[in-house]
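Participant: Single-letter residue listing:
There are 2 protein chains.
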Amino acid sequence: MLNLPISFLFSGGGGGGVLQGTTCEAILCTLTAARDQMLDKIGRENMGKLVVYGSDQTQSSLQKAAKIAGINPSNFRSLLTTKSTAFGLSPNSLKSAIQSDIKFGLIPLFFCATIGTTSSNAIDPLGPLCDIAKDYNILVHIDAAYAGSAFICPEFRHFLQGIEGANSFSLNAHKWFLTTLDCCCLWVKEPSALIKALSTDPEYLKNKVSDSNQVVDYKDWQIALSRRFRAMKLWLVLRSYGVSNLRNFIRGYVKMAKHFEGLIAMGKRFKVVVPRNFAMVCFRISPLMMGNANQKILGEEDANEFNRKLLESINATGRVYMTHAVVGGVYVISLAVGATLTDYCHVNKAWKEIQEHAHTMQNPFDYFARDVMAKSFTAIRGADE
Amino acid sequence: MLNLPISFLFSGGGGGGVLQGTTCEAILCTLTAARDQMLDKIGRENMGKLVVYGSDQTQSSLQKAAKIAGINPSNFRSLLTTKSTAFGLSPNSLKSAIQSDIKFGLIPLFFCATIGTTSSNAIDPLGPLCDIAKDYNILVHIDAAYAGSAFICPEFRHFLQGIEGANSFSLNAHKWFLTTLDCCCLWVKEPSALIKALSTDPEYLKNKVSDSNQVVDYKDWQIALSRRFRAMKLWLVLRSYGVSNLRNFIRGYVKMAKHFEGLIAMGKRFKVVVPRNFAMVCFRISPLMMGNANQKILGEEDANEFNRKLLESINATGRVYMTHAVVGGVYVISLAVGATLTDYCHVNKAWKEIQEHAHTMQNPFDYFARDVMAKSFTAIRGADE
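These protein sequence lines map, in sequence, to chains A and B.
Last residue of the first sequence? That's 385 in UniProt numbering, and every number before it is there in order.
Last residue of the second sequence? That's 385 in UniProt numbering, and every number before it is there in order.
Quick caveat, the hints were computed from the structure, so don't treat them as lab data.
Pairs of lysine-lysine residues, derived as DSSO-like cross-links and limited to a Cα-Cα distance of at most 30 Å, are as follows:
(1) A/K49 - B/K49
(2) A/K208 - B/K352
(3) A/K271 - B/K206
(4) B/K49 - B/K67
(5) A/K95 - A/K134
(6) B/K67 - A/K134
(7) A/K67 - A/K49
(8) A/K49 - B/K196
(9) B/K67 - B/K134
(10) B/K67 - A/K41
(11) A/K67 - A/K95
(12) A/K41 - A/K95
(13) A/K268 - A/K352
(14) B/K206 - A/K309
(15) A/K208 - B/K271
(16) B/K309 - B/K349
(17) B/K208 - A/K67
(18) B/K208 - A/K309
(19) B/K208 - A/K83
(20) B/K95 - B/K189
(21) B/K258 - B/K271
(22) A/K49 - B/K67
In silico negatives: residues of chain B with every beta carbon more than 12 Å from chain A:
(23) N3
(24) A86
(25) K103
(26) V237
(27) G267
(28) R319
Cβ atoms here follow ideal geometry from the backbone N, Cα and C, with glycine treated the same way.
Using the sequences and the hints, build the whole thing.
Facilitator: Here it is as structure tokens:
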């Protein structure tokens, strides 16, 4: 369905797949395997020299996995991204960071690229990044937790160009693939590294089929010994809908997000902050659009604060729920379409809700003035009582 | 319900509890916290000197967690237990191991004690073991994955004597507490150590209640960021049955296991190998009971092989399913009572099944003779075809 390179598959390529709970578990497993493979070569006494790379847009799971795997926190690199590359990691940044670490006697180990970051759905350019990783013998994991499901549609697969240079790939079917939490699909090129790092072989787990290598012992592909039967729920989703209906779902979500973009574009106050790639729209009330012609333009900090309060006010209704992020210093509100029953009426209603709340908060200059007044008033009342 | 010391609880003691998936995750979290606490004191460059202790009966989860957390595999101690202490770890063994490691410049870090081991439900003596751990500043986790549920009954709580000296305690409600996989209950004395080791604080996860410390952010108590709502299923079990019914279930399972012990004792061929503590009976056909008076007694290896084949033959029917272990070199078959609907009729049926299979395999001397003949016969037939 995803058209992954054969090197990631059980069928012929020597790779294989496993269902994990979450991305953090998936990364922890692949990182542990990478770590032990490297330490076998260079000796365990060099553990403190290993370096892990991501961008400042990489999900916090990478940092957490690195902490748990015992990577020195000062060897965790969160490389700067900018608006100029739409917050994708520039290959040159990775290269410079690696070269600098090598100069200081450190050992580059692992890089996590992201397709569809949490904050803004940014996309790291896989091809050039994997090439650099290869030059320096670094293992690459691709985190496509959110965006991965879209790759059942051929029109999105161009984002995966270069994936054959990576060592592992994961996506979360529990995001917008109609599957309940938790269901993280992980593919690896080299299961033996995973098994070497994670296997234990006590007597009470021995049995004929395991001994004869007739089965895949998934306990050696994951953290826990016991496993819930997650494949069942994913299989039911696949069999119930079929691939063309699932593609329709994904395309429908993306179309609704485009529709929401259109609604924003029709007005003047709101603006889409970063390019939309899938079904998430990152927008805000622009500071340029906030003041009257006669008033001075709001500073970025005030604009951020105003958008923060706007989101808080909308979410407090319980009728719409959106999240936020800060990208390049800009506070953005994120509307993600992707729940099973979401339709155009809900997107329109969300837009209406957003506009109404913005209207109630009115002119941000007035708003901030009111806020100060309200606080003073409360303080006076508090003193009286 | 468990009457845990207040130091483990949210209510007053400064401790707290969290639902994890499995014991391995619970241990990995507490071990990571212990590791980082220690490294903060002694410097990260000493990571390779940290030592983790368990007994040769400790579940393989400890070894796996230690591997993932980056503990040097040569610093993992699996201390020998013997039949003389019913496979509980002798405090002197722990002490000698610690002293020897210190002499070699290593740094003892973490000890995992078990109440109710996987192989034989053995019990490590908590009090004296925790005393030793305290003398050497080692953190102690108590793994009561299986046995823990029994401690809702006061008559089993004497096994927990000394628990106040431990740092964390876990049990799996998904074993015989009527809760589906996965549901591991972990209590810790010092949540702040866990939070320090496992927290990440990205902008997109920030919100008012988290910032104001009004809530427990369980993402910082576990590996994954996302969490399934496991509390719901456990709560439903607790509210549906109530504590006295749950006690009846546990007591019922133990009584049925005692009944099975009685059935074994009535015959001559089978023998209970290690003392039964809860609802699991470890038994085998004794080599002493195998031969006729005129025949020589089977060696231990042949006896193990015979019991292995017996278990295989029983499990192949699909009517009863039992597991096995090797304790002190002896292959034992384990019958565990604990599924929700198990009743005396099932235990009796299991016993009948066991006897019938043993009877069919008949006299082990004949059996082995037959086996050799059968093999030769197959070989001849194979050559013919």
